[in-house]
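In case you want the letters, here they are:
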Amino acid sequence: MVASRPEPLLSVEDLRVRFATEDGIVGAVDGVSLELNPGEILGIVGESGSGKSVSAQTIMGLTRSPNASISGSVRFHGNDLVSATEEDLQSIRGQEISMVFQDPMTSLNPVYRVGDQIVEQIEAHRELPRDEAKRRSVELLASVGIPNAAERVDDYPYEFSGGMRQRAMIAMALALEPRVLIADEPTTALDVTIQAQIMALIQRLNEERGLAVILITHDLGVIAEVADRVLVMYAGQIVEQGSLDEIFYDPQHPYTWGLMGSLTRLDQPPPERLPQIAGQPPSLLSPPSGCRFRPRCPHAFEKCTELPGLEERLAGASGHADRCWLDPQDKKELREVEGRIGLEVLTRGSPAGAAEGEPV
Amino acid sequence: MARFIARRLVGMVFVLFAISVIVFLIFNVIPNSDPAARIAGKNANPELISRVEEDFGFSDPLPVQYAKTMKQIFTGELISYSSRQNVDEQIWKGVPVTMSLCIGAALIWMSFAICFGYLSAVRAGMFTDRALTILALIGISMPVFWLAAILLYYLSFKVQLFPTGDYVKLTEDPADWVYHLLLPWLTLSVLFIGFYSRVLRSNMLDVMNEDYVRTARAKGLSERQVRIRHVLRNSLIPIITLFGLDFGAVVGGGAILTETVYNLPGVGLYAGQAIGSLDLPPLMAVTMFGAFFIVLFNTIVDIVYAYLDPRIRLGTAAA
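Those sequence lines, one after another, are chains P and H. Numbering of the first sequence is given in this note's numbering, commencing with residue 1 and proceeding in unit increments. Numbering of the second sequence is given in this note's numbering, commencing with residue 361 and proceeding in unit increments.
It is possible that some hints are incorrect.
Unchecked claim - Pairs of lysine to any residue residues, derived as SDA-like cross-links and limited to a Cα-Cα distance of at most 25 Å, are as follows: (1) P:Lys134 x H:Pro670; (2) H:Lys431 x H:Leu376; (3) P:Lys134 x H:Arg671.
Honestly, the hints are just simulated from the structure, not real lab data. Predicted model only: the values in this text are computed from it and were never measured.
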């Protein structure tokens, strides 16, 4: 954790991304603000469609297209990336901010050798003689734990396993020692043992080099292992943000309770049915008015028809903010379900009694 | 790799054998194809015809005739029935002409198709794309012989911009060689430019959505580098394989109509004449020639594909 408050590396303010589609305008990201401090691992948690990937890709300008409308600001090194030119963005991508994507199987070009693709990353920003760049890529592969790097560097992606490919992607992303690594679900497509290795690698890079990481995932277990601070996203908005401990031990938003409650616990007897949050995430074409979680929230009341702002509602401002109108005092009781934090009561032998997604 | 090639070569031999048998059988079944009568001429009497039959062995059982014909093809002794010329020699003389036509057309059509396909894909949905799409569809829809006739009529007859046909050897006068081949090249290319540009456009649009293209952008490559090194490179693989097959087909017989209309003395023209007179020996030989090229190019295409797409090598599928 960072003691003082140095200048944040990356500062996103009120980012909104809308896509024009055949069916209408999709509000993928609706007012996201965040700060990434040096050496910090910021976790972004949410379901599919919550806007976490689009936010991350927009930071790097990868969502620019004729049908995308992007507003807000992304400040990096004193420059606003939303209004930056394509050339400026190209200079930043891979060199200052790098990104690793979800599916390593398809994220590398199958017809070029792995080493050549790393060299391409290097040569995109530096003038280096070929063999120097090649040497560097062997070093990089070795540094992420690829055995026999000197030989493997000439392999094609299909000759690497999934875990190795993801390591190669990370090596490639870090080739030019960027300040920020955005990892978009880096382990979702990998099995758990490989997942542990990749997360250990990311953590090591963070500790040894002070690499700031934005880690996007839907897996709370991964977040719990490595994140310093956490953003919880739902339907294109941040619904809660805080330190790791605050989110896990003192969550303030019913959606977060639902997420915590849906974790399977080894220290308790197994339930009849795995707990879940009733209902479906809303359509981003026409999100519900007011609080977007309202249709699925068993604790919704009249005030919830008005969209809550993302505010610190607990005494002693610590950076822990949420979008919920409930009184913080009441929250402590409301979130206790059968001795754990959760959203629904698990009844035996019948579907969860609490909420069937009825709007108040 | 060597085993792969050896297997394909053996396969080639079998295919060629099968084709030769089929062609031979077909031509012996077609009505009006009694070769003895044709050779004997218009005013032949039955006696002359039966003597011709004996001389040429037309009363022998078919397998024997087949074996004789095949032997003659390979030893270069095959004589055409109607014109009494040596078939192999005629084919040999026609090859440079056909190759000039086909290779030239191939270079033209690939260059234009790649340019147009690339532009169409990169400006998909915009005016350039729509215009090129319409042109492509027109190109694909025009029959070769019709296009040839139209071009000749307007550009050669009405306005004497181009020669009316015939062939000038490269060794005699390169400039004139080109001049005489321009219209034929254009005629043969138009269809393929239309087709290949559409295929490339479609491939590129698919590849642009691939994850590795997103990775390339995230690396900070310029849009142009992304388009050429990642999108185009991967999109060309199916194009190259299609090209191999089409080129083999064009050499093997696709040029017949073009050569006929422009009066280019190539293998295609020779084949056209042989079809007209139902002359079996040239037809057999030309068909074998065509089949050989198509099978050869099929094999080359397979080998080149393995080179271009490393996942295909050694027969192991990508994970």
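Which hint numbers does the structure go against, in order from smallest to largest?
none
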